[in-house]
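**Student:** Listed below are the residues making up each chain.
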Amino acid sequence: MLITCISLFLTAFLMHLILWRIRHPKSPVRAILIIFFMTFIAGTAVLLNNYEASKIEWFGLHSMWDILRIFLLYLAWTFTYCFIYHGFEDDSPSLFIVLNIWNSHNKGMTVEELVDLMPDEVFFKNRIEYLVIEKLAVLENGRYSISKKGKSILKLFLFLIKLMKQDSVKG
Amino acid sequence: MTFLVYSFQSVFALGLNILIQILSVRYIHCTGYFKSIILGFVTGFLFVLLISLSCMHPPYFQSTADFFSILIVDILTYSFLSYCYFAFINTSVTAIRIRLLQELDHASDGLSFEDLLINYNSKFIIQMRLVRLKHNHQINFDGKRYSVRLTFVSIMALVIEFMKFLVLGRKMRLSK
Numbered sequence: 001m002l003i004t005c006i007s008l009f010l011t012a013f014l015m016h017l018i019l020w021r022i023r024h025p026k027s028p029v030r031a032i033l034i035i036f037f038m039t040f041i042a043g044t045a046v047l048l049n050n051y052e053a054s055k056i057e058w059f060g061l062h063s064m065w066d067i068l069r070i071f072l073l074y075l076a077w078t079f080t081y082c083f084i085y086h087g088f089e090d091d092s093p094s095l096f097i098v099l100n101i102w103n104s105h106n107k108g109m110t111v112e113e114l115v116d117l118m119p120d121e122v123f124f125k126n127r128i129e130y131l132v133i134e135k136l137a138v139l140e141n142g143r144y145s146i147s148k149k150g151k152s153i154l155k156l157f158l159f160l161i162k163l164m165k166q167d168s169v170k171g
Numbered sequence: 001m002t003f004l005v006y007s008f009q010s011v012f013a014l015g016l017n018i019l020i021q022i023l024s025v026r027y028i029h030c031t032g033y034f035k036s037i038i039l040g041f042v043t044g045f046l047f048v049l050l051i052s053l054s055c056m057h058p059p060y061f062q063s064t065a066d067f068f069s070i071l072i073v074d075i076l077t078y079s080f081l082s083y084c085y086f087a088f089i090n091t092s093v094t095a096i097r098i099r100l101l102q103e104l105d106h107a108s109d110g111l112s113f114e115d116l117l118i119n120y121n122s123k124f125i126i127q128m129r130l131v132r133l134k135h136n137h138q139i140n141f142d143g144k145r146y147s148v149r150l151t152f153v154s155i156m157a158l159v160i161e162f163m164k165f166l167v168l169g170r171k172m173r174l175s176k
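Residue numbers (the numbering used here), protein chains in the order written: chain A, 1 to 171; chain B, 1 to 176.
Check the hints yourself; a few may be wrong.
Cross-link-like lysine-lysine pairs, in silico, DSSO-like; alpha carbons within 30 Å at most [unchecked claim]:
hint : chain 1 : residue 1 : chain 2 : residue 2
1    : A       : LYS135    : B       : LYS123
2    : A       : LYS148    : A       : LYS125
3    : A       : LYS135    : B       : LYS164
4    : B       : LYS164    : B       : LYS123
5    : B       : LYS164    : A       : LYS125
6    : B       : LYS164    : A       : LYS26
7    : A       : LYS107    : B       : LYS171
8    : B       : LYS123    : B       : LYS35
9    : B       : LYS144    : B       : LYS123
10   : B       : LYS35     : A       : LYS107
11   : A       : LYS151    : A       : LYS107
12   : A       : LYS26     : B       : LYS171
13   : A       : LYS125    : B       : LYS134
14   : A       : LYS165    : B       : LYS35
15   : B       : LYS171    : A       : LYS125
16   : B       : LYS35     : A       : LYS155
17   : A       : LYS107    : B       : LYS144
18   : A       : LYS148    : A       : LYS26
19   : A       : LYS135    : A       : LYS107
20   : A       : LYS26     : A       : LYS151
21   : A       : LYS149    : A       : LYS162
22   : B       : LYS123    : A       : LYS151
23   : B       : LYS134    : A       : LYS162
24   : A       : LYS165    : B       : LYS134
25   : B       : LYS123    : A       : LYS162
26   : A       : LYS125    : B       : LYS123
Residues from chain A that face chain B, not an exhaustive set, calculated with beta carbons under 8 Å [unchecked claim]:
hint : residue
27   : PHE9
28   : LEU17
29   : PRO25
30   : PHE37
31   : LEU73
32   : THR80
33   : LEU95
34   : TRP102
35   : GLY108
36   : VAL111
37   : MET118
38   : ASP120
39   : ARG127
40   : LEU131
No lab work stands behind these hints: they were computed from the structure. In this text, a Cβ means the ideal position worked out from N, Cα and C, and glycines have one as well.
One chain only, chain A, in its complex shape:
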């Protein structure tokens, strides 16, 4: 069962790698979801076709419940990958800090040295552009403002912050 899921995931991952080398999509997460679900549908169709002929015993699939389990694992794995993928596209400040301190070896780094390595553009330019692309913010005459969609998303996250008893968005 696990082998089936790993095979499906690796096939989708390989396709994703090849496609990214050819052309990087504008909405990468959407593209990843499409690739991974298409692979799952194609893979499941092949499995079900062979299931009738009882050719897949070694895959450990005995009933439709097992296929449901594979689907759940695949779904959870795909969503996890989408969350992690966000970390590839943008530099996470925490990981950026740790990586730079790591590169300084035993010498270590001061706050000032870290600030010098991180111009504001690194963290903000891509992110604000993402907000505009996803229509969460609007850019007019060189000024950014929040859109209706952005307000709804912000409301949801502020509710979560309250629910988690956190003070504010810390950043």
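Since the structure of chain A is already known, use the hints to place chain B on it.
**Tutor:** For chain B alone, kept in the frame of chain A given last:
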């Protein structure tokens, strides 16, 4: 117990995880945010184990090999789902994009890129993250300089750097 509950146990465990996490962060005073996440995860994990062990009889149980195969699949599914939940709620607390949206929401006339950087800039983020990393024992501080040791965050930083190279073809920023 039906096959439905047995098959969806990882989803039910996630539900339990969320319930325990929210209840503990809100109503158990000694439980902080991160402790509540761990408590929720462990409760859900025990639920998966309990349900699996209670199904060690026909018609659910086919063979020992199958039992362990299903158990591994369910534990992995539950762990991935829990990670998604953690990443989602953590976004609300730490994401720069959400903070930027909040800054824009506070400004009725909108903000230029330079205006945005007045209240919220790299220096502010670095100081905030250094405090958090130090508090979570992910980096050391000798009073002047920060140094790093092999921890979960440093391993994650190296893995992500490798994945950026693999997926996006970016050059690895690791010095020898």
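**Student:** Take the hints in turn and mark each one as holding or not.
**Tutor:** Do the hints match the structure? See the list:
About 28 Å separates the Cα atoms of A/LYS135 and B/LYS123, which keeps this hinted pair within 30 Å; it holds. Between A/LYS148 and A/LYS125 the CA atoms are separated by roughly 21 Å; this keeps the pair inside 30 Å, and the hint holds. With a C-alpha separation of about 26 Å, the suggested pair A/LYS135 and B/LYS164 falls inside the 30 Å cut-off, and the hint holds. For the given pair, B/LYS164 sits about 25 Å from B/LYS123 by alpha-carbon distance, which is consistent with the 30 Å threshold.
As the CA atoms of B/LYS164 and A/LYS125 are separated by approximately 19 Å, the hinted pair is consistent with the 30 Å bound. Proximity of B/LYS164 to A/LYS26 is assessed by CA-CA distance (about 17 Å); at most 30 Å being required, the pair is judged to hold. Taking the CA atoms of A/LYS107 and B/LYS171, the gap is near 24 Å; set against the 30 Å cutoff, the hint holds. At roughly 29 Å between alpha-carbon atoms, B/LYS123 and B/LYS35 fall within 30 Å of each other, so this suggested pair holds.
For the proposed pair B/LYS144 and B/LYS123, the alpha carbon gap of about 16 Å is at most 30 Å, so the pair holds. Only pairs whose Cα atoms come within 30 Å are accepted, and B/LYS35 paired with A/LYS107 is rejected, the gap being roughly 33 Å. Restraint check for A/LYS151 and A/LYS107: not satisfied, since their Cα atoms lie roughly 45 Å apart, outside the 30 Å limit. Between A/LYS26 and B/LYS171 the CA atoms are separated by roughly 21 Å; this keeps the pair inside 30 Å, and the hint holds.
Simply put, A/LYS125 and B/LYS134 have alpha-carbon atoms about 27 Å apart, close enough for the 30 Å limit, and the pair holds. At most 30 Å may separate the alpha-carbon atoms for a hinted pair to count; A/LYS165 and B/LYS35 meet this at roughly 13 Å. A C-alpha spacing of about 20 Å is found between B/LYS171 and A/LYS125, which places the hinted pair at or below 30 Å, so the restraint holds. Between the alpha carbons of B/LYS35 and A/LYS155 the distance comes to roughly 25 Å, so the proposed pair stays at or under 30 Å and holds.
Using a Cα cut-off of 30 Å, the hinted pair A/LYS107 and B/LYS144 holds, with the two alpha carbons roughly 11 Å apart. Restraint check: the Cα-Cα separation between A/LYS148 and A/LYS26 comes to about 22 Å, which is no more than 30 Å; the hinted pair holds. For a cut-off of 30 Å, the pair hint linking A/LYS135 to A/LYS107 is broken: about 44 Å separates their Cα positions. Proposed proximity of A/LYS26 and A/LYS151 is supported: the alpha carbons are some 23 Å apart, at most 30 Å.
A C-alpha spacing of about 20 Å is found between A/LYS149 and A/LYS162, which places the hinted pair at or below 30 Å, so the restraint holds. Simply put, B/LYS123 and A/LYS151 have alpha-carbon atoms about 27 Å apart, close enough for the 30 Å limit, and the pair holds. This hinted pair checks out: B/LYS134 and A/LYS162 have alpha carbons roughly 25 Å apart, not beyond 30 Å. Simply put, A/LYS165 and B/LYS134 have alpha-carbon atoms about 22 Å apart, close enough for the 30 Å limit, and the pair holds.
Between B/LYS123 and A/LYS162, the direct Cα distance comes to roughly 27 Å. Compliance with the 30 Å bound is thereby established for this hinted pair. At most 30 Å may separate the alpha-carbon atoms for a hinted pair to count; A/LYS125 and B/LYS123 meet this at roughly 15 Å. A cut of 8 Å between beta carbons decides the hint on A/PHE9: the least distance to chain B is about 11 Å, and the hint is violated. A cut of 8 Å between beta carbons decides the hint on A/LEU17: the least distance to chain B is about 6 Å, and the hint holds.
With a cut of 8 Å, the hint placing A/PRO25 at the interface with chain B is violated, because the nearest CB-to-CB distance is about 12 Å. Annotation: interface hint on A/PHE37 violated; nearest CB of chain B at approximately 16 Å, more than 8 Å. A cut of 8 Å between beta carbons decides the hint on A/LEU73: the least distance to chain B is about 4 Å, and the hint holds. A hinted interface residue such as A/THR80 counts as satisfied when its beta carbon comes closer than 8 Å to some beta carbon of chain B; here the least separation is about 4 Å, so the hint holds.
Proximity of A/LEU95 to chain B holds as hinted, the smallest CB-CB distance being about 4 Å (cut-off 8 Å). Hint status for A/TRP102 relative to chain B: holds, with the closest Cβ pair at about 5 Å, below 8 Å. Because the beta carbon of A/GLY108 sits about 3 Å from the nearest beta carbon in chain B, less than 8 Å, this interface hint is met. Look at A/VAL111: its Cβ gets to within about 7 Å of chain B, closer than 8 Å, so that hint holds up.
Because the beta carbon of A/MET118 sits about 5 Å from the nearest beta carbon in chain B, less than 8 Å, this interface hint is met. At a threshold of 8 Å, the smallest CB-CB gap from A/ASP120 to chain B is about 5 Å, leaving the interface hint in force. Hint on A/ARG127 holds. Least Cβ distance to chain B is approximately 5 Å, under the 8 Å limit. At a threshold of 8 Å, the smallest CB-CB gap from A/LEU131 to chain B is about 6 Å, leaving the interface hint in force.
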